[in-house]
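*Asks:* Assemble the whole structure, with the sequences as input and the hints as a guide.
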Amino acid sequence: LAAKRMALEEQRKQLRDKKDEKSLKDLTEVQKKLQELHTKVRHREAQVTSNALIVATTMSKVIVDPIFEDKKYDVVMFDEASMAYIPQIFAAATFAKNHFICVGDFAQLSPIVQSSHNDILKRDIFHYLNIRAEKGIQNHPWLVMLNVQYRMHPDISQFINKYSYSGKLSDNAEVKQIRIEECKKSPFPASSL
Numbered sequence: 001l002a003a004k005r006m007a008l009e010e011q012r013k014q015l016r017d018k019k020d021e022k023s024l025k026d027l028t029e030v031q032k033k034l035q036e037l038h039t040k041v042r043h044r045e046a047q048v049t050s051n052a053l054i055v056a057t058t059m060s061k062v063i064v065d066p067i068f069e070d071k072k073y074d075v076v077m078f079d080e081a082s083m084a085y086i087p088q089i090f091a092a093a094t095f096a097k098n099h100f101i102c103v104g105d106f107a108q109l110s111p112i113v114q115s116s117h118n119d120i121l122k123r124d125i126f127h128y129l130n131i132r133a134e135k136g137i138q139n140h141p142w143l144v145m146l147n148v149q150y151r152m153h154p155d156i157s158q159f160i161n162k163y164s165y166s167g168k169l170s171d172n173a174e175v176k177q178i179r180i181e182e183c184k185k186s187p188f189p190a191s192s193l
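Residues in the sequence shown are numbered consecutively from 1, following the working numbering.
Rather than coming from a laboratory, the hints here were simulated on the basis of the structure. Take the hints with a grain of salt, since some may be wrong.
As the list claims (entries may be wrong) - Simulated crosslink set (DSBU-like; lysine-lysine; CA at most 30 Å straight-line):
#1 K61 / K122
#2 K19 / K4
#3 K32 / K13
#4 K71 / K18
#5 K18 / K72
#6 K40 / K25
#7 K33 / K22
#8 K71 / K40
#9 K4 / K22
#10 K40 / K13
#11 K97 / K122
#12 K61 / K33
#13 K33 / K72
What the hints assert, rightly or not - Pairwise CB distance ranges (calculated):
#14 E182 / K19: 26 to 34 Å
#15 R16 / A52: 51 to 59 Å
#16 E36 / H140: 48 to 56 Å
#17 N130 / K4: 51 to 59 Å
#18 E9 / N51: 39 to 47 Å
C-beta atoms are modelled at their ideal positions from N, C-alpha and C, and glycine is treated no differently.
*Replies:* In structure tokens, the structure reads:
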């Protein structure tokens, strides 16, 4: 289906450049075929989604796509919770049959809001539940800290560890070695930043 779609889109592009009557008629036919193909893809997507053991998607897709209408899942996991608006998290929770898990780092950015009038959108779920403290990390029974980082060079994680995680973060030894080796390469050898 993907190959057919690509071929039809290329054909549509070529026909749009032409301005004669036959091209317009052919363009209408190509558009019709593309619409039929789109319907087939949507049908297949609905089949796959309803039979899948795991569905990974965005919250925006769940809210607007009828594929998810009236669906419930055993477990719903919401990642990057600190960046989400609270209503998005509540909406995601409505899809959970048994368990709802929010994953995120409350030391990271809160939701980005341009309006100065809506304070509820400026707060993340950690503020809402009084988990995020203005003066540092709070102990809370719902929290589990992942205290080993797998991404950064030790020079970077050392800074973050000191100023955001109260010295509770450590580097995975294998990733630490990989990052050190990477920093020996150009364009800036011996610079972790």
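*Asks:* Run every hint past the structure and note whether it holds.
*Replies:* Going through the hints against the structure:
no.: 1; hint: K61 / K122; in the structure: holds (22 Å)
no.: 2; hint: K19 / K4; in the structure: holds (24 Å)
no.: 3; hint: K32 / K13; in the structure: holds (14 Å)
no.: 4; hint: K71 / K18; in the structure: violated (46 Å)
no.: 5; hint: K18 / K72; in the structure: violated (49 Å)
no.: 6; hint: K40 / K25; in the structure: holds (23 Å)
no.: 7; hint: K33 / K22; in the structure: holds (17 Å)
no.: 8; hint: K71 / K40; in the structure: holds (21 Å)
no.: 9; hint: K4 / K22; in the structure: holds (22 Å)
no.: 10; hint: K40 / K13; in the structure: holds (22 Å)
no.: 11; hint: K97 / K122; in the structure: holds (28 Å)
no.: 12; hint: K61 / K33; in the structure: holds (25 Å)
no.: 13; hint: K33 / K72; in the structure: violated (34 Å)
no.: 14; hint: E182 / K19: 26 to 34 Å; in the structure: violated (54 Å)
no.: 15; hint: R16 / A52: 51 to 59 Å; in the structure: violated (37 Å)
no.: 16; hint: E36 / H140: 48 to 56 Å; in the structure: holds (53 Å)
no.: 17; hint: N130 / K4: 51 to 59 Å; in the structure: holds (54 Å)
no.: 18; hint: E9 / N51: 39 to 47 Å; in the structure: violated (28 Å)
The structure is inconsistent with the numbered hints 4, 5, 13, 14, 15 and 18, although it conforms to all the rest.
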